Amino acid sequence: MPDGYLPIFVFLPVAILFPVVTLFVAKLVRPSQPTPSKLGAYECGIEPASNSRGRYTVRYYIVAILFVVFDVETVFLYPWAVRYKQLGWFGVAEVAVFLAILIVGYVWAYKKGAFEWV
Amino acid sequence: MIDTALFYVFALMTLGGGILCITRRNAVHAAIWLIASLMGVAGLFLLQRAEFLFAVQIVLYIGGIMVLFLFVIMLINLDTAAAERQYSGQWKLALGAVVLAGGEIAWVMARGLPGLGAAAAVQDGGEGGSDGNVERLADLLFSEYLLPFEIVSILLLAAIVGSVFLARRRTS
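Protein chains in written order, with the numbering used here: chain A, 83 to 200; chain B, 15 to 186.
With the rest of the complex left out, here is chain B (with noise of 0.2 Å):
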């Protein structure tokens, strides 16, 4: 009964958000829209009992990916882009897009979750263990993925190198 509620709750907030984002012509303002529908996003994971999806949302999305994001509003300079022809004719190829996404989510409602691998393996140590999402991630990725775990800062290390490389200070 409070699941349903929350889950319309969040749901509200993800596409309201959204639509809100899309809408705005200040870029700034959009920005603020689209934290409001990562949020309900988070939300909806913590109601699937995923709280290590939660837990990334809001610390890598909400935290770190909207800092580039506004970092990025500030490097573009907005009055030349608000100068600019507006892309708001692409209608069709948007409308496109959503039937075809709406009608993959149709498709795997109507064969139900067992028709997805994934989710059956999710759902094996699931309800009946104490122990959480979290915890099961942590046994899995420090013993069976450990390699990938370590690759993972390699990754990183390349992250690190290309953007200090690719803004650096021309001396010349």
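With the rest of the complex left out, here is chain A (with noise of 0.2 Å):
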């Protein structure tokens, strides 16, 4: 186990155990006595016409992809962020041509209106 993680161990119980105990809690103290009125959705809200599982259209997927296209580049971001004052211009050059590529197909894909929400 590297140093310096010692942090995270102490934070992740305490994140999984806060909504946990607060859940828990909440439910000894509070009262439960529940109507219809009570369980519907507020005044505000529209009662749902149908299933809200039904089919989505493919064109949703295309904006999950593309996330995940820019997340691979943000992973390889990453270990240029913890090198940058090593590898100083160089690196900035790399990256620069690695993004410009990148972003010549976000343009693109802006172009032929794949972020417009159908």
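No wet-lab data here; the hints were simulated from the structure.
Possibly wrong hints are sitting among the right ones.
According to the in silico footprint, chain A covers these stretches of chain B (three or more CB under 8 Å from chain A) [to be verified]:
1) 26-38
2) 73-85
Going by beta-carbon spacing under 10 Å, a handful of chain B positions derived as facing chain A [unchecked claim]:
3) Leu60
4) Glu65
5) Phe66
6) Ala69
7) Val70
8) Gln104
9) Met123
10) Gly146
11) Ala152
12) Leu154
13) Leu155
14) Phe156
15) Gly176
16) Arg182
Listing some non-contacts, in silico: residues in chain B with all C-beta distances to chain A over 10 Å [claimed, not checked]:
17) Tyr22
18) Ala45
19) Met88
20) Ala108
21) Ala111
22) Val112
23) Val113
24) Gly117
25) Glu118
26) Ile119
27) Ala120
28) Trp121
29) Glu158
As the structure is a computational prediction, the values presented were derived from the model and not from experiment.
Built from N, CA and C at the ideal position, the CB exists for glycine as well.
The task is to assemble the complex, starting from two chains supplied on their own in separate frames and drawing on the hints.
Printed below as a string of structure tokens:
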């Protein structure tokens, strides 16, 4: 185990226990008298017309794919950020070429209307 | 000591999440348990001092691939899928695959780590140097593997073009 990760392992159980304890304590404390109007949507909400698990248009999927593509790009920027000072302008130039090619793709997808909400 | 304890915690997370993932009927619940399993794998990577893989596991798998999974779950019609015949009669094939994979792991463990050329290479600059896994990876990526790094951007460009082209609006 590399050093310096101890705060994460202190944080992790706290983060997991916080919602569990909160929900459990709230369940103990609150009164429970459900009525149909309490369980329904608020007056500002609209009653659902159909099941929300219907089929979506495939065009939503492009947004997800493009997100993953730029997620991969971020992963490659991470080692550069760690070694930024040592790599200097050489590293900046390399990453600039890397990003330029991807920005071409981004602009192309934008022009094609891939980000337009159907 | 603490490493051993953490290993068992993460192994339990990985296996428990995996088992709960394949036994859930609700596809969204299965996806959530897969996240728990992947978190366990991320922890195991960290225990092996593979900090870059740890970050990639969180950013790409838990952040990116799971988004794709959830989109696929939304795209397919689950009501129709639930009415389809369940493919749970493939346990013989699954058992064969498990025996094969288990045998493979046992064989590698019997040979020991030096039997793997790759593992030795990683250990060379390992414990002694003050540099971490990410730093060494950055040094290699931005010097020796410069061209592959730039080619990755072309690959990602192809992925962008491919996805936009496949899901284009039919204009006819």
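Hint check:
Counting residues of the segment 26-38 of chain B whose CB lies closer than 8 Å to any CB of chain A gives 0, which falls below the minimum of 3, so the coverage claim is violated. Requiring three or more residues with a Cβ within less than 8 Å of a Cβ of chain A, the coverage given for the segment 73-85 of chain B holds, as 8 such residues are present. For leucine 60 of chain B, the interface hint holds, the least distance from its beta-carbon to any beta-carbon of chain A being 6 Å, beneath 10 Å. Residue-level restraint check for glutamate 65 of chain B holds (minimum Cβ-Cβ distance to chain A is 6 Å; threshold 10 Å).
About 7 Å separates the beta-carbon of phenylalanine 66 of chain B from the nearest beta-carbon of chain A, less than 10 Å, and the hint is met. Nearest Cβ of chain A to the Cβ of alanine 69 of chain B: about 6 Å, under the 10 Å cut. The hint holds. Interface restraint check for valine 70 of chain B: the shortest CB-CB distance to chain A comes to about 5 Å, inside 10 Å, so the restraint holds. The beta carbon of glutamine 104 of chain B comes no nearer than 26 Å to any beta carbon in chain A, farther than 10 Å, and the hint placing it at the interface is violated.
Because the smallest distance between the Cβ of methionine 123 of chain B and any Cβ of chain A comes to about 21 Å, over 10 Å, the interface hint for this residue is violated. Annotation: glycine 146 of chain B was flagged as interfacial toward chain A, and the flag holds, the nearest CB pair being 7 Å apart, inside 10 Å. Evaluation of the alanine 152 of chain B hint against chain A yields a held restraint, the C-beta minimum of about 4 Å falling below 10 Å. Given hint, leucine 154 of chain B at the interface with chain A, holds; its Cβ is 9 Å from that chain's nearest Cβ, closer than 10 Å.
Hint status for leucine 155 of chain B: holds, given a least beta-carbon distance of 6 Å to chain A, under 10 Å. This hint holds: phenylalanine 156 of chain B has a C-beta 6 Å from the nearest C-beta of chain A, less than the 10 Å allowed. Below 10 Å, beta-carbon pairs count as interface contacts, and glycine 176 of chain B has one with chain A at about 9 Å; its hint therefore holds. For arginine 182 of chain B, the interface hint holds, the least distance from its beta-carbon to any beta-carbon of chain A being 7 Å, beneath 10 Å.
Distance to chain A confirms tyrosine 22 of chain B as a non-interface residue, since its nearest Cβ pair spans about 13 Å, more than 10 Å. Distance check for alanine 45 of chain B against chain A: the nearest CB is about 13 Å away, which clears 10 Å, and the non-interface claim stands. A beta-carbon of chain A comes within 10 Å of the beta-carbon of methionine 88 of chain B; the shortest separation is about 5 Å. Chain A leaves alanine 108 of chain B outside its interface by the beta-carbon criterion, the shortest separation being 28 Å against a cut-off of 10 Å.
Against the 10 Å criterion, alanine 111 of chain B stays outside the reach of chain A, whose nearest CB is about 27 Å from its own CB. The claim that valine 112 of chain B is not at the interface with chain A holds, since no C-beta of that chain comes within 10 Å of its own (minimum 30 Å). For valine 113 of chain B, the requirement that its beta carbon stay farther than 10 Å from each beta carbon of chain A is met, with the minimum near 33 Å. Non-interface status of glycine 117 of chain B relative to chain A is upheld: no Cβ of that chain comes within 10 Å, the nearest being about 30 Å off.
No beta-carbon of chain A is positioned within 10 Å of the beta-carbon of glutamate 118 of chain B; the least distance is around 27 Å. At roughly 23 Å, the least C-beta separation between isoleucine 119 of chain B and chain A is larger than 10 Å, which holds for a residue marked as non-interface. With 10 Å as the threshold on Cβ separation, the claim that alanine 120 of chain B sits away from chain A holds: the shortest Cβ distance comes to roughly 26 Å. With a least CB separation of 28 Å from chain A, tryptophan 121 of chain B remains clear of the 10 Å interface cut-off, as annotated.
Even its closest Cβ contact with chain A, about 13 Å, leaves glutamate 158 of chain B beyond 10 Å, as expected for a residue assigned away from the interface.
Violated hints, in rising order: 1, 8, 9, 19; the structure is consistent with all others.
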